[in-house]
Amino acid sequence: MKNFDIKLLEGLEKSKYIVGAAVALLVISLPFFGASQYLLRVATNIGIYAILALSLNLITGYAGQVSLGHAAFMAIGAYAFIVFTTKYPIGFFPAMGVGILFSALAGLILGAPTLRLSGAYFVIATTGFSELVKVIALNWKSVTNGATGIRNIIRPTVFGIELTNANGGQYWFMLFWLAVSIYICYAIKYSKFGRALFAIRDDDLAAKMAGINTSLTKVTAFVFSAALAGVAGVLYATMTRYVEPNTFTMDISTIILCIVIFGGMGSMVGMLISTFLLIAFPEALRALAMYRFIIYGLILIIMVRFRQQGLISGVSKLPYKLPKGVYIDRG
Amino acid sequence: MFLQQIINGISIGLIYALVSVGYSLIFGVLRMMNMAYASILTVGAHFCLSLVQAKFGFFPAIIVALVLTGLVSVFFDVSMLAPLRKKTGSDSVTVLITAIGFNYILLNLCLVIWGSERKPFQNVFDFGSLQVGSVIFDSSQIVIMATALVILAALTWVIYGSKIGLGMRAVQQNTKAANLAGVNTKVVITFSFFISGITACIAGFLIASYYQLIYPTMGVALGGKAFAAAVLGGIGVLHGSVIGGLIVGILECVAVYFFGGGVRDAVAYIILILVLLLVPSGLFGKSENTKV
Amino acid sequence: MKKALSLVLALAIALSLVACTSTGTTTTTTSEDQTTATTEQATETQNLDPIVLGCSGPLTGNNAQFGENALNGIMVAIEEINADGGLLGGRMLEVRSYDDKGTGEEGASVAELLISDEDVCAVPSAAYGSSVGLVEAPLFQEAGLVAISNSASHPDFSATGDCIYRNNLTEAGELQYAYQMPQVVGAKKLGIVSMMSEFGESFTAGFEALQEQYGDKVGFEIACVSWFTDGTVDFAPNIAELINAGCDTIIFFAEYNNFASFAIQYRKLDPNAQFIGLMTCYTPDLVNLGGDSVEGVYLYSCLNPNSTNPEVQKFVAAYKAKYDGAEPDFVAANAYDSVKIIAAAIEQAGSADREAIREAIKTAHVVCTAGDLSFDANGDAVKSVVMFKIENGQFIEVEGAFKLWDEFVASLS
Amino acid sequence: MLNVTNLNTFYGNIHAIKDINLEVKQGEIVTIVGSNGAGKTTTLMSICGVLRKARGSKIEFLGEDITDLSPCEIVKRGISVSPEGREIFPGLSVSDNLKLGAFTRTNAAEISDSYERVYALFPRLKEREKQNAGTLSGGEQQMLAIGRAIMSKPKLLLLDEPSMGLAPNLVKMIFKLIKEINGQGVTIMLVEQNASMALKIANRGYILETGRVKFCDSAEVLRTNNEVKKAYLGGK
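Residue numbers (my numbering), protein chains in the order written: chain C, 192 to 522; chain A, 37 to 328; chain Z, 15 to 427; chain B, 3 to 238.
Note that these hints are calculated values from the structure, not bench results. Keep in mind that the hints are not guaranteed to be accurate.
Cβ pair distances, simulated, as ranges [said to hold, decoys possible]:
{"no.": "1", "chain 1": "Z", "residue 1": "ALA219", "chain 2": "A", "residue 2": "VAL315", "range": "38 to 46 Å"}
{"no.": "2", "chain 1": "Z", "residue 1": "ALA219", "chain 2": "A", "residue 2": "SER198", "range": "55 to 63 Å"}
{"no.": "3", "chain 1": "A", "residue 1": "LEU313", "chain 2": "C", "residue 2": "ASN343", "range": "36 to 44 Å"}
{"no.": "4", "chain 1": "Z", "residue 1": "ASP170", "chain 2": "C", "residue 2": "TYR279", "range": "22 to 30 Å"}
Now the stretches of chain C that chain Z is said to cover, found in silico as 3 or more residues with beta-carbon under 8 Å [stated by the list, open to error]:
{"no.": "5", "region": "337-348"}
{"no.": "6", "region": "353-362"}
List of simulated lysine to aspartate or glutamate pairs, EDC-like, C-alpha gap at most 16 Å [what the hints assert, rightly or not]:
{"no.": "7", "chain 1": "A", "residue 1": "LYS222", "chain 2": "B", "residue 2": "GLU75"}
{"no.": "8", "chain 1": "C", "residue 1": "LYS332", "chain 2": "Z", "residue 2": "GLU215"}
{"no.": "9", "chain 1": "B", "residue 1": "LYS202", "chain 2": "B", "residue 2": "GLU30"}
{"no.": "10", "chain 1": "A", "residue 1": "LYS212", "chain 2": "B", "residue 2": "GLU86"}
{"no.": "11", "chain 1": "B", "residue 1": "LYS155", "chain 2": "B", "residue 2": "ASP115"}
{"no.": "12", "chain 1": "B", "residue 1": "LYS27", "chain 2": "B", "residue 2": "ASP219"}
{"no.": "13", "chain 1": "A", "residue 1": "LYS212", "chain 2": "B", "residue 2": "GLU75"}
{"no.": "14", "chain 1": "B", "residue 1": "LYS101", "chain 2": "B", "residue 2": "GLU112"}
{"no.": "15", "chain 1": "B", "residue 1": "LYS101", "chain 2": "B", "residue 2": "GLU118"}
{"no.": "16", "chain 1": "B", "residue 1": "LYS202", "chain 2": "B", "residue 2": "GLU222"}
{"no.": "17", "chain 1": "Z", "residue 1": "LYS376", "chain 2": "Z", "residue 2": "GLU361"}
{"no.": "18", "chain 1": "B", "residue 1": "LYS157", "chain 2": "B", "residue 2": "GLU62"}
{"no.": "19", "chain 1": "A", "residue 1": "LYS199", "chain 2": "B", "residue 2": "ASP98"}
{"no.": "20", "chain 1": "B", "residue 1": "LYS20", "chain 2": "B", "residue 2": "GLU211"}
{"no.": "21", "chain 1": "Z", "residue 1": "LYS328", "chain 2": "Z", "residue 2": "GLU93"}
C-beta: ideal position from N, C-alpha, C; glycine also.
Please build the complete structure, drawing on both the sequences and the hints.
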């Protein structure tokens with residue numbers, strides 16, 4: 192009997208991989224199933240948000256800081272990428288690299304001074320930063336083209352084929368980057384650096400006592416997170432092919448936060464499922480699109496109150512803990 | 037022209053001040069950033085709109101709107117925040133996320149119920165304008181300044197002069213001791229949310245009738261700037277909020293004078309970030325109150 | 015309990031997903047009126063497929079009014095055509111309309127939705143304005159789906175390709191009228207107030223370029239250019255700038271809703287200045303919002319509801335009857351015309367295929383509210399405008415105000 | 003006056019108070035002594051309504067069941083507490099702190115009488131009336147905490163560790179004052195770690211050990227009990 196149990200467990204363990212592989216195969220071959228252009232676009236969009244959610248998860252789920260300014264890093268990545276493709280003909284991929292680099296740099300610049308702020312103050316600082324980036328994009332006309340925005344952003348060309356939405360290229364391009372992001376997040380999670388992050392999330396002071404350079408660790412996480420957001424920004428720009436200051440709004444940041452909280456901070460599979468549900472649902476139910484943010488709002492409130500560990504606690508073995516901040520009630 | 041911009045700055049600043057005291061009021065009692073305040077303000081203004089249109093008298097309509105908005109604010113606390121306070125392990129970020137969630141719900145309910153377009157709102161205090169030298173005072177500006185000052189004075193009295201205000205301050209200082217001293221903390225918190233709702237409704241009404249315009253996103257930009265003002269003045273400190281509001285308003289108009297209209301919206305957020313980095317407790321805040 | 019709650023939440027979303035992805039892209043928001051219009055004729059045309067048109071526009075957000083009016087214009091046209099027995103021997107028209115919220119992201123999404131919906135044969139109303147329109151245009155072009163914008167004015171819009179048409183004034187065309195306005199109303203010192211948007215920036219630049227060229231011949235100078243950002247309600251700093259510059263006439267480059275608040279605040283400080291608005295200000299909502307403050311405002315529109323043109327009379331009457339006496343604006347009229355010209359193209363091609371419409375529309379023409387409407391080689395319609403002044407809350411035509419551009423230039427020297 | 007029967011209190015899963023029975027009679031000073039973690043403060047907090055009691059617990063005050071009342075209701079009925087660690091309001095002035103003690107009272111004349119009484123007991127507080135309470139010394143803060151408790155004109159005063167962290171001469175003074183307050187007709191329940199001092203001024207005492215009442219007798223008997231001496235009075 193006991194043996195049987197173990198076998199069953201092993202079977203389950205194996206079937207997990209089989210299911211995973213099957214899902215991956217299905218996802219990769221989506222364009223072959225005659226998925227319409229629209230469906231591919233929605234799928235690409237889901238992928239981009241998944242990257243963003245993984246990115247925010249790095250600082251919220253792992254390091255315990257909540258940021259509401261992630262759209263700003265997207266914007267910086269996208270704008271830097273676009274400016275380099277239009278002003279300096281260095282090609283798509285180097286320009287993408289530049290975009291990511293700029294995002295990472297912005298993460299460093301914002302992260303170094305603000306990460307010592309805790310809890311709510313950090314949220315506010317990131318919100319302010321996000322608004323500021325928008326205003327700069329609007330006013331720095333020589334670079335960003337102001338409110339007019341930038342159109343016809345170049346798309347990547349691989350082996351002489353331009354990757355468009357119609358030929359599924361954009362979708363696969365996104366999948367590639369999603370895979371890279373997942374890999375990076377896994378690598379971080381199981382590295383010494385990742386353990387340091389978890390330690391900080393659980394108890395900042397204790398982590399410090401254990402000899403972890405907490406501020407350096409947090410800033411590094413923030414830089415990684417910003418860089419991933421930059422990747423998403425570039426993907427977004429190549430997909431929509433039009434960027435203006437109002438493209439990257441607070442709404443995007445809120446949706447990302449919503450995904451992370453819905454999916455359960457720290458859980459990567461949860462993140463992917465939650466992205467799928469939250470991004471696909473307003474597309475599927477266009478008639479309910481008006482109520483979209485009402486539902487997002489409810490999700491935030493309900494999850495925080497009843498299910499802080501996220502949607503699928505079975506998968507996430509790491510119950511998340513919100514960071515300690517300004518206390519509310521001593522009673 | 038510079039002087040005119042300063043005057044404009046003062047009147048815009050007082051509007052910010054009116055909104056930012058709302059943030060301070062709740063922060064003062066609960067140490068909580070009430071991110072839903074801006075949309076409570078919007079809801080309040082829309083209540084005024086609908087009730088005035090219902091034509092059962094202007095003043096009764098406004099009073100009903102005030103009470104309703106107060107109740108919305110109380111509902112927020114009782115249904116969403118109070119359970120969080122009871123729950124162990126909840127902290128400022130949990131509360132903040134809840135507030136952000138409620139903010140989105142209210143804002144989008146407004147959109148669904150009242151529609152997204154801008155609607156006209158009656159101006160109740162337009163008596164022409166007054167020119168002093170090269171500076172023109174608009175009567176609505178003067179009325180809004182006066183009303184703002186009266187409301188701020190009233191709030192100051194409530195908090196520093198009345199018994200329930202004493203209770204509010206006690207709850208802020210030490211909830212447990214207040215409880216033991218016989219202060220009914222639930223009542224105090226509910227009362228705080230109620231008057232913060234009323235303040236929001238008054239602010240919403242004043243702003244809507246000042247601009248003769250009402251729409252669901254009216255609170256979004258305003259809320260952000262007023263919040264920056266509150267942080268600048270030291271959130272939780274009433275007079276700090278007022279002065280913070282004035283500084284943000286004046287700097288905004290001065291920035292337009294020097295750099296043109298495009299930079300205007302940046303001013304408040306630059307201030308916000310600088311304050312958070314340099315003096316997190318704000319100009320008048322006590323650092324013991326704000327554990328950053 | 016907690017688990018149950020979140021499970022229910024997740025399940026609800028998942029279910030709704032399954033329910034709707036299976037039907038894919040056919041979640042449509044067809045209007046009720048239109049369904050009844052179709053069923054009336056259903057008895058005789060039961061076995062004929064409807065002809066489906068697509069529509070993308072802001073139904074929520076700041077410009078919701080324009081999206082709604084465009085849809086209204088389409089509905090009026092469809093009803094009229096269906097009442098006459100439909101197209102291609104009795105096929106009824108139908109519209110699938112989606113809300114693009116006035117944002118590029120949603121606009122692109124809606125465009126792909128329309129493209130992927132194989133029933134949709136043409137799009138008589140693409141997004142409101144150029145900035146969203148320009149995001150959608152390349153997508154429609156790539157898919158070979160004919161799309162007409164009733165409001166985009168950016169030169170690049172119709173240049174996207176042979177599927178993209180503009181049933182509106184081009185920016186250059188509109189500038190020719192806008193530039194005449196200060197001259198007509200006798201401005202001396204003109205103040206420009208412009209929104210920091212795609213339209214505002216390029217229109218201001220175009221206006222300034224004209225001033226550069228003709229500034230010494232016209233009777234006005236540009237005394238001040240004042241900018242504001244989208245979402246601004248407080249214009250005090252702008253007004254201080256304008257008054258300080260001594261402007262006697264203000265021209266406003268943005269939509270009616272911004273203009274109304276600007277006018278209210280400006281009038282309090284200076285009741286005498288003249289105001290000039292653009293076509294996007296020509297809507298009864300301007301008067302609703304602005305009240306007395308917009309009294310005496312000059313503006314223009316390519317729809318003149320008082321015109322003796324019987325097509326216009328028919329449209330305005332039908333529109334008012336359908337929408338409780340509401341006045342149509344230029345977007346509604348343009349959208350109405352766009353349906354008409356697509357209908358003409360379908361009849362001409364004898365087919366409602368995308369490809370057939372794409373070919374036929376190049377040569378199609380139709381008599382409608384804009385007179386004899388057809389598209390030139392660029393894909394632009396030729397439009398003329400009429401000037402109005404607001405008196406007692408009514409738009410009163412100012413007759414003979416505008417000259418043809420060449421005549422205007424000639425009259426200057 | 004106060005009857006506590008079968009009191010059980012839990013902190014989560016921890017059973018902190020087990021079947022405690024207490025009685026306080028009019029005019030008495032009753033003391034609860036015990037070592038750290040014996041459940042003294044928990045008992046007090048249970049009585050004054052801050053902690054929720056397990057089913058079956060019953061607290062009666064002047065014949066009325068107050069088991070499930072909220073703290074402010076209990077204060078209204080005439081029980082007030084000077085909590086452990088003083089728990090003053092550091093940002094409020096001394097007089098505001100005292101005013102909060104009288105929060106449940108409405109008669110202005112009686113309240114000003116109470117002010118007089120507190121200032122008579124603690125002239126120090128009168129001198130520092132306008133100062134922020136946070137600036138007071140430890141002893142003064144303790145006086146303020148007791149003063150605030152008296153401001154509600156209690157019939158029963160609960161004092162939690164009034165001697166904690168004070169210098170010996172101040173401790174003596176505080177105990178003298180407690181006696182004096184009792185002399186003015188206020189019944190007192192005193193929770194103390196300093197058992198010898200407490201038993202000196204008390205009429206009766208309860209000795210708690212790990213959440214249970216170990217001994218209960220008159221103070222005199224307890225003082226002479228060998229076991230008590232050994233464990234709590236540091237004697238032989």
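Notebook entry, point to check: Do the beta carbons of Z/ALA219 and A/VAL315 sit within 38 to 46 Å of each other?
Noted result: Holds - the Cβ-Cβ distance for Z/ALA219 and A/VAL315, about 42 Å, lies within 38 to 46 Å.
Margin query: Hint check: A/LYS212 vs B/GLU75, CA-CA at most 16 Å. Holds or violated?
Written below: Between A/LYS212 and B/GLU75 the Cα gap is close to 15 Å, so the pair holds against 16 Å.
Next item on the list: Using the beta carbons of Z/ASP170 and C/TYR279, state whether their distance is inside 22 to 30 Å or not.
Entry: holds (23 Å)
Notebook entry, point to check: How does the coverage statement for the region 353-362 of chain C fare against chain Z, requiring three or more residues with Cβ below 8 Å from a Cβ of that chain?
Noted result: The restraint on the region 353-362 of chain C holds, since 3 of its residues have a Cβ under 8 Å from chain Z and three suffice.
Note to self: Taking the Cβ atom of A/LEU313 and the Cβ atom of C/ASN343, is their distance within the range 36 to 44 Å?
What the structure shows: holds (39 Å)
Margin query: Hinted pair, alpha-carbon criterion (16 Å max): B/LYS202, B/GLU30. Please report holds or violated.
Written below: holds (13 Å)
Check: Is Z/LYS376 within 16 Å of Z/GLU361, Cα to Cα?
Finding: OK: Z/LYS376 and Z/GLU361 at ~13 Å, within 16 Å.
Next item on the list: Decide if the proposed pair is consistent with the structure: B/LYS157 and B/GLU62, CA atoms, cutoff 16 Å inclusive.
Entry: The given pair, whose Cα atoms are some 14 Å apart, holds under the 16 Å limit.
Margin query: Given the hinted pair B/LYS101 and B/GLU118, is their Cα-Cα distance within 16 Å?
Written below: Answer holds: B/LYS101 to B/GLU118 is near 12 Å, not above 16 Å.
Note to self: What's the verdict on B/LYS101 and B/GLU112, does the C-alpha distance respect the 16 Å limit or exceed it?
What the structure shows: With Cα atoms ~12 Å apart, B/LYS101 and B/GLU112 stay inside 16 Å; holds.
Check: Would the pair B/LYS20 and B/GLU211 pass a check requiring their Cα atoms to be no farther apart than 16 Å?
Finding: Holds - the C-alpha atoms of B/GLU211 and B/LYS20 are around 10 Å apart, at most 16 Å.
Check: Under the criterion that the straight-line Cα-Cα distance not exceed 16 Å, is the pair B/LYS27, B/ASP219 satisfied?
Finding: Holds: B/LYS27 and B/ASP219 sit about 13 Å apart, inside 16 Å.
Violated hints: none; the structure is consistent with every hint.
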